[in-house]
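Protein sequences, first through last, are from chains A and B.
For the first sequence, position 78 (counting from the first letter as 1) is numbered 78 according to the numbering used here, and the numbering increases by one without interruption.
For the second sequence, position 16 (counting from the first letter as 1) is numbered 16 according to the numbering used here, and the numbering increases by one without interruption.
I should point out that these hints are in silico values taken from the structure, not numbers from a laboratory.
Just so you know, not all the hints are guaranteed correct.
[What the hints assert, rightly or not] Below, simulated DSS-like cross-link-like pairs (lysine-lysine); rule was C-alpha separation at most 25 angstroms, straight line: (1) Lys17(B) <-> Lys45(B); (2) Lys45(B) <-> Lys7(A); (3) Lys27(B) <-> Lys17(B); (4) Lys45(B) <-> Lys27(B); (5) Lys65(A) <-> Lys27(B); (6) Lys45(B) <-> Lys65(A).
Residue strings, one per chain:
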Amino acid sequence: MLTIHAKLVEAMITQALNDHPVEACGIIAGLAGSNWPLRLIPMRNAAQSDNFFRFDPQQQLQVWKEMSARCEEPVVIYHSHTSSQAYPRRSDVELATEPQAHYVIIPTQHLYQAEIRSFRIADQMVIEERVRIVQHYQPELELQMVA
Amino acid sequence: MTVTVIIPTLLGSLTNKQQPIVIEGVKVSEVIERMEQLYPGIRAKLIFDGSAYRFITIHVNDNDIRLRDGLATPLQDGDIVTILPAMAGN
């Protein structure tokens, strides 16, 4: 199950709607092994496509270095689907490389009502999981939105 | 040249979770060959037909080797080679 703060969900949906029709993408980092998404980092979609995303490699390197220095990992890896339902498509599965991450998909086509869904993807297998959106985390956990 | 290689989590099973790897090599391809000797199978995860896979990015310090000399990119003592799987999908 993915437990995630409502403000993070709102930020992902806002980014996805703003970027539409281009697919939006990003990560939410958290302390390694904690399973708490805290620090939202929108990523540039180097593909600038309505049916594909790829993190800008240079930005990815900098973000990954920063996460390593802060003992973080990508707890959530998210992207939008601009004309289909929020379910992983073939490349989403083939290119998934973080089995510990929650892969979140945000549909931006009005038919799908911007309802996010979350999946675990490992060894080419997809398992949908429940998303629990909360209004508060424990007081010691601090949210951060990176511009 | 002694360089430090940072590998993605996904390849940790091949390297007994050794991270980072300190290794010798004068160019990127040589470093990968030496890693293959230590951790058989790793080359096939990175290279196909003489180039890095499209969805694998290799940086020397902050430079993407695709924008330099690819696998022939030369290395200096103390360089950091970072291998990252692309975060991508459709």
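A quick look at each hint next to the structure:
1. Lys17(B) <-> Lys45(B): holds (16 angstroms)
2. Lys45(B) <-> Lys7(A): Status violated; Cα separation ~38 angstroms.
3. Lys27(B) <-> Lys17(B): Distance ~24 angstroms between Lys27(B) and Lys17(B) Cα, so the pair holds.
4. Lys45(B) <-> Lys27(B): holds (18 angstroms)
5. Lys65(A) <-> Lys27(B): With a Cα-Cα distance of about 22 angstroms, the restraint between Lys65(A) and Lys27(B) holds, given a limit of 25 angstroms.
6. Lys45(B) <-> Lys65(A): Holds - the C-alpha atoms of Lys65(A) and Lys45(B) are around 22 angstroms apart, at most 25 angstroms.
In this structure, only the earlier hint numbered 2 is contradicted, and the remaining ones agree with it.
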